[in-house]
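Using the sequences and the hints, build the whole thing.
From first to last, the protein sequence lines stand for chains A and B.
Each residue of the first sequence is one higher than the one before, starting from 500 at the first, in our numbering.
Each residue of the second sequence is one higher than the one before, starting from 291 at the first, in our numbering.
Misleading hints may appear alongside valid ones.
From chain A, some residues computed to sit far from chain B (all C-beta separations above 12 Å) [what the hints assert, rightly or not]:
1. E529
2. L635
3. L717
Derived DSSO-like pairs (lysine-lysine); straight-line CA-CA distance at most 30 Å [claimed, not checked]:
4. B/K441 <-> A/K538
5. B/K577 <-> B/K554
6. B/K441 <-> A/K550
7. A/K694 <-> B/K441
8. B/K410 <-> A/K550
Since the hints were made in silico from the structure, they are not lab data.
Bear in mind that the values here come from a model prediction, so they are computed numbers and not experimental data.
All C-beta atoms in this analysis are idealised placements derived from N, C-alpha and C, irrespective of residue type, glycine included.
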Amino acid sequence: MRSIPFREALREAMSEEMRRDERVFLMGEEVAEYNGAYKVSQGMLAEFGAKRVIDTPIAELGFAAIAVGAAQNGLRPLVEFMTWNFAVLPLDQILNTASKMLAMSGGQIGCPIVFRGPNGSAGQLGAQHSTAFDSLYANIPGLKVVSPSNGYDAKGLLKQCIRYEEDPIVFFESEVMYGDKCEVPEEEYYIPLGKADVKRAGRDVTIVSYNKMMKVALGAAAELEKEGVSAEVIDLRTIRPLDWETILESVKKTNRLVIVEEQWPFASVSSEITYRIQKEGFDYLDAPIRRICSADAPMHYAANLTALAIPDVERTVKLVKEVMYSKK
Amino acid sequence: MQLIRQFELKAEEMYKMAGKIRGFFHAYVGQEAIAAGCMTATTPDDPYITAYRDHGLGLARGISPNAAMAELYGKATGASKGKGGSMHFFSFEHKFFGGHGIVGAQIGTGAGLAFAEKYKGTNNVVLCFFGDGASRQGILHETFNMAMTWKLPVIFICENNHYAMGTSVERTSNVIDIYKLADAYEMPADKVDGMIPENVHESVARAVKRAREGDGPTLLEMKTYRYKGHSISDPQKYRSKEEVDDYKEQDPIQRVLKTISDNKFATPAEIEAIDNKINTLVEASVKFAEESPLPDDSEVYKDVYIDQNYPFIVD
Numbered sequence: 500m501r502s503i504p505f506r507e508a509l510r511e512a513m514s515e516e517m518r519r520d521e522r523v524f525l526m527g528e529e530v531a532e533y534n535g536a537y538k539v540s541q542g543m544l545a546e547f548g549a550k551r552v553i554d555t556p557i558a559e560l561g562f563a564a565i566a567v568g569a570a571q572n573g574l575r576p577l578v579e580f581m582t583w584n585f586a587v588l589p590l591d592q593i594l595n596t597a598s599k600m601l602a603m604s605g606g607q608i609g610c611p612i613v614f615r616g617p618n619g620s621a622g623q624l625g626a627q628h629s630t631a632f633d634s635l636y637a638n639i640p641g642l643k644v645v646s647p648s649n650g651y652d653a654k655g656l657l658k659q660c661i662r663y664e665e666d667p668i669v670f671f672e673s674e675v676m677y678g679d680k681c682e683v684p685e686e687e688y689y690i691p692l693g694k695a696d697v698k699r700a701g702r703d704v705t706i707v708s709y710n711k712m713m714k715v716a717l718g719a720a721a722e723l724e725k726e727g728v729s730a731e732v733i734d735l736r737t738i739r740p741l742d743w744e745t746i747l748e749s750v751k752k753t754n755r756l757v758i759v760e761e762q763w764p765f766a767s768v769s770s771e772i773t774y775r776i777q778k779e780g781f782d783y784l785d786a787p788i789r790r791i792c793s794a795d796a797p798m799h800y801a802a803n804l805t806a807l808a809i810p811d812v813e814r815t816v817k818l819v820k821e822v823m824y825s826k827k
Numbered sequence: 291m292q293l294i295r296q297f298e299l300k301a302e303e304m305y306k307m308a309g310k311i312r313g314f315f316h317a318y319v320g321q322e323a324i325a326a327g328c329m330t331a332t333t334p335d336d337p338y339i340t341a342y343r344d345h346g347l348g349l350a351r352g353i354s355p356n357a358a359m360a361e362l363y364g365k366a367t368g369a370s371k372g373k374g375g376s377m378h379f380f381s382f383e384h385k386f387f388g389g390h391g392i393v394g395a396q397i398g399t400g401a402g403l404a405f406a407e408k409y410k411g412t413n414n415v416v417l418c419f420f421g422d423g424a425s426r427q428g429i430l431h432e433t434f435n436m437a438m439t440w441k442l443p444v445i446f447i448c449e450n451n452h453y454a455m456g457t458s459v460e461r462t463s464n465v466i467d468i469y470k471l472a473d474a475y476e477m478p479a480d481k482v483d484g485m486i487p488e489n490v491h492e493s494v495a496r497a498v499k500r501a502r503e504g505d506g507p508t509l510l511e512m513k514t515y516r517y518k519g520h521s522i523s524d525p526q527k528y529r530s531k532e533e534v535d536d537y538k539e540q541d542p543i544q545r546v547l548k549t550i551s552d553n554k555f556a557t558p559a560e561i562e563a564i565d566n567k568i569n570t571l572v573e574a575s576v577k578f579a580e581e582s583p584l585p586d587d588s589e590v591y592k593d594v595y596i597d598q599n600y601p602f603i604v605d
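Below, the structure written as structure tokens:
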């Protein structure tokens, strides 16, 4: 099978759906003439023209609002944020308008829109370019939150969002994944939302993660295997709705759960998983559920502090050993 | 205009005297000429969007008094199934896109409605309403800039009723003439006496014509006045009774009645018949709202997602 970078998988998803449906258009900063700040939309202006691939001024609140209004009036916008850190400005439109209009109008006015872009840290970018927002958006009823870890899933999930989802979507990517290559079939496919993927089967412990922290989860599982520990690794893929049933089924087998995520710890995705699994699977647990999050602090610039702030393989392995009550 | 006036007065009575309506409640009394003049200058296909002072425009647009009153009562038969309340009237059928509670947010969303009309190649023009308070929000400037750059078919109508809640226009900016904000984006703009429906009509008709011809947006600042407080709980200590009375002298409904009488457009008996009909409609709307059922408890998880299989977290 051919192997393509993550950014190309996203581009194929958008382009295929834009060829299918005239109502779909792409809007954002530098998406057209510059070919995308991270080259996700490279070549799309040439194919679809300026009517459908639209450069905006640096006015995230304003252009998000225009896209939301367009969605409520019959179009299916794709909005690219250069980073989700800039999307704090249009949070009002996403939270107060896009997510609530269907309810406020008693079901009359929906908002089929996809907001997408890179999320979380990407090296030494300092405090204001490094926040991961998955758990914040996952708190909001009316939205669906997607956070893929690889190009194959990203393409199938994004196509699903554009074509079949009628509700507003928040879609998280990562600057440091755009170049990652992945096997992606030529044939068209869709991946339904709300379904986690068991990436690696195991017996002794369950590790749950998503987005780029999947690399840490899988890296830890590989290390643990060398020491005879069999870890099952689950990629959530969708944060809201959360596929807790898949986690529960795994925990019934392994009786131990570790969650690896890039969120700040307070009311994070791991908090929600922990609540759900203790409620639904209390009798199956042989150890407290543990997690590794981002440091409970803004991201500092210095190389050592940046490295300390986000989960890594070494600390994940150590945490797994703790829930295994391993002496080693 | 008379329907809006009588509806608002009755609704306020049911709020204050009967306690049947709760939540925030912002009356349109005094501003009716704007709704009337805009309606005669547009078609049923032109989308409207406004802020939370939305009863008047909703009624003008075609929401029935029954559906409007039932919405205020929070009943299942309301314009938004009782889920919106006073601030969130909607009618997709009448191209009335709400009813928005975050000051200024609908300026951007309204431009988005216009973006869609242009994209789809229709000839429709969006009327996007906001107050003088909203004109100080950042989204106005971002939206004006893009609406002009992309020549979106939208008329921005600032209903300047002089007070952002309790803060007068003079206290919110160095620029008192709100229509001049358009200058920064080279957007055509006009100052209109919003107490005179004919003036409203003429200014909107000009702007709509320009928008339909592809020349983009216009800002119209309509000077108007609300006789009631910002909301129903406003003690109005920021303005004098004399000021309110001065504006009541310019009452748009009395002005229209005088025009009708001077020109003999209708006899006093015909006017009385209209008033009686309106009173009957408004009284009937109270009865309708009273007798309508509350939304079923199961509605709490409905209209949150179009996806009917969404697995809500219920514990």
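Consistency of the hints with the structure:
The Cβ of A/E529 sits about 15 Å from the closest Cβ of chain B, beyond the 12 Å cut-off, so the non-interface label holds. Non-interface call for A/L635 relative to chain B: holds, since the shortest CB-CB distance, roughly 16 Å, exceeds 12 Å. In this structure A/L717 is separated from chain B by more than 12 Å, as the shortest Cβ-Cβ distance comes to about 27 Å. Distance check on the hinted pair: B/K441 and A/K538 sit about 28 Å apart at the alpha-carbon level, within 30 Å; holds.
For the suggested pair B/K577 and B/K554, the alpha carbons sit about 35 Å apart, so the restraint of at most 30 Å is broken. A distance of roughly 13 Å separates the Cα atoms of B/K441 and A/K550; the hinted pair therefore holds under the 30 Å criterion. Distance restraint check for A/K694 and B/K441: the Cα-Cα separation of roughly 43 Å exceeds the 30 Å cut-off, and the hinted pair is therefore not satisfied. A threshold of 30 Å between alpha carbons decides the hint, and for B/K410 with A/K550 the separation of about 11 Å falls inside it, so the pair holds.
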